[in-house]
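In order, the protein sequence lines correspond to chains E and A. Per this note's numbering, the first sequence starts with residue 1, numbered consecutively. Per this note's numbering, the second sequence starts with residue 1001, numbered consecutively.
Keep in mind that the hints were calculated from the coordinates and are not lab data. Keep in mind that this is a model prediction, so the values were computed, not measured. Using N, Cα and C, we set each Cβ at its ideal position, and we do this for glycine too.
For the chain A half of the interface with chain E, some residues (derived, Cβ under 10 Å), not all of them:
hint	residue
1	LEU1117
2	PRO1118
3	ALA1123
With a straight-line Cα cutoff of 20 Å, these simulated EDC-like cross-link-like pairs (lysine to aspartate or glutamate) come out:
hint	chain 1	residue 1	chain 2	residue 2
4	E	LYS119	A	GLU1109
5	A	LYS1122	E	ASP102
6	E	LYS122	A	GLU1109
7	A	LYS1125	E	ASP102
8	E	LYS119	A	ASP1136
9	A	LYS1119	E	ASP102
10	E	LYS116	A	GLU1109
11	E	LYS28	E	GLU59
12	A	LYS1122	E	GLU131
13	E	LYS116	A	GLU1131
14	A	LYS1122	E	ASP136
15	A	LYS1116	E	GLU92
16	E	LYS122	A	ASP1102
17	E	LYS44	E	GLU17
18	E	LYS122	E	GLU92
19	A	LYS1030	A	GLU1059
20	E	LYS119	A	ASP1102
21	E	LYS116	A	GLU1108
22	A	LYS1103	A	ASP1136
23	A	LYS1125	A	GLU1059
24	E	LYS125	E	GLU108
25	E	LYS122	A	GLU1131
26	E	LYS122	A	GLU1108
27	E	LYS30	E	ASP102
28	A	LYS1044	A	GLU1024
29	E	LYS125	A	GLU1131
30	E	LYS66	A	GLU1131
31	A	LYS1116	E	GLU109
One-letter residues, chain by chain:
2 protein chains.
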Amino acid sequence: MESVIEKLDAAGLRKTEIRIRLYEYFLKHKPAISQPELEKKYAKYADRVTLYRVLSAFEEKGLIHKIIDMHGTARYALCNEHNCHDGHHHDEHVHFNCSNCDKVVCLEEVSIPSVKLPKNYKAVKYSLNIEGVCNDCKA
Amino acid sequence: MESVIEKLDAAGLRKTEIRIRLYEYFLKHKPAISQPELEKKYAKYADRVTLYRVLSAFEEKGLIHKIIDMHGTARYALCNEHNCHDGHHHDEHVHFNCSNCDKVVCLEEVSIPSVKLPKNYKAVKYSLNIEGVCNDCKA
DNA sequence: TTAAGTGCAAAATCTTTGCAAATGT
DNA sequence: ACATTTGCAAAGATTTTGCACTTAA
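Please construct the entire structure, taking both the sequences and the accompanying hints into account.
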């Protein structure tokens, strides 16, 4: 639990109850979660709007990163400490969307292969979503 | 103009004014377009709800396919005739999102490279969005 | 104390649904 | 004539904004 306080401190964020709860959530759970899902879990602890604002603050400070999943839903997951910093994310790994349990996980160990684009196209950022059946759901 | 009528016929869709207009739009424009954008262009010709329904019908019949762009917005573009049929889309090419002009185009000639997933993950569908500067916007 | 954070109300989007009226075949 | 398609009204879902109140430091 030390780490939660330290991280919020390091990010220059005040250590409020909801922020501590949410950051602990991200530390404990790998799958990327959406605001509506968080709202169900944390309705008693914070207003919907506060959740949106905490997510934005966490993202700006490099604590979590935003993923757009295959359905177009915005989801958030903990940043890899070595890759993400203030406002600058390196999120260039595969995001796996399970069609069975609907979880979206970062496969940090699977990087996005390079792609040869036509002349005059300049790539800056990549997003590779793969849909299928995940580790937990395979029979 | 022949081709528009024929395609709608072949898809088993009635040839209404708005459907003809929209299908002609897709034939003439490569970039994928969203419903809100179409609404601005076609406000005089059809209701918002009709646009949603025409897009769904076109997608079901394999005339257009849906793309989720890097911002999570649903966009639609013409299907490649050889790859898409009734309810069955093969959309496994790169989608390029230009951060300058905000256009999203299908790079049909750039296929998604294969990715080696960890044991127990089974891939079914891929979506690769690349953000950067497009052909038209490079200085 | 005071700047940052939160809650509430309200609005802005985007999308879906139901039903009556209009249209294509 | 009849099934399909459309328009309108309404509701649901997601996200943003403004402002007064509260809380961390």
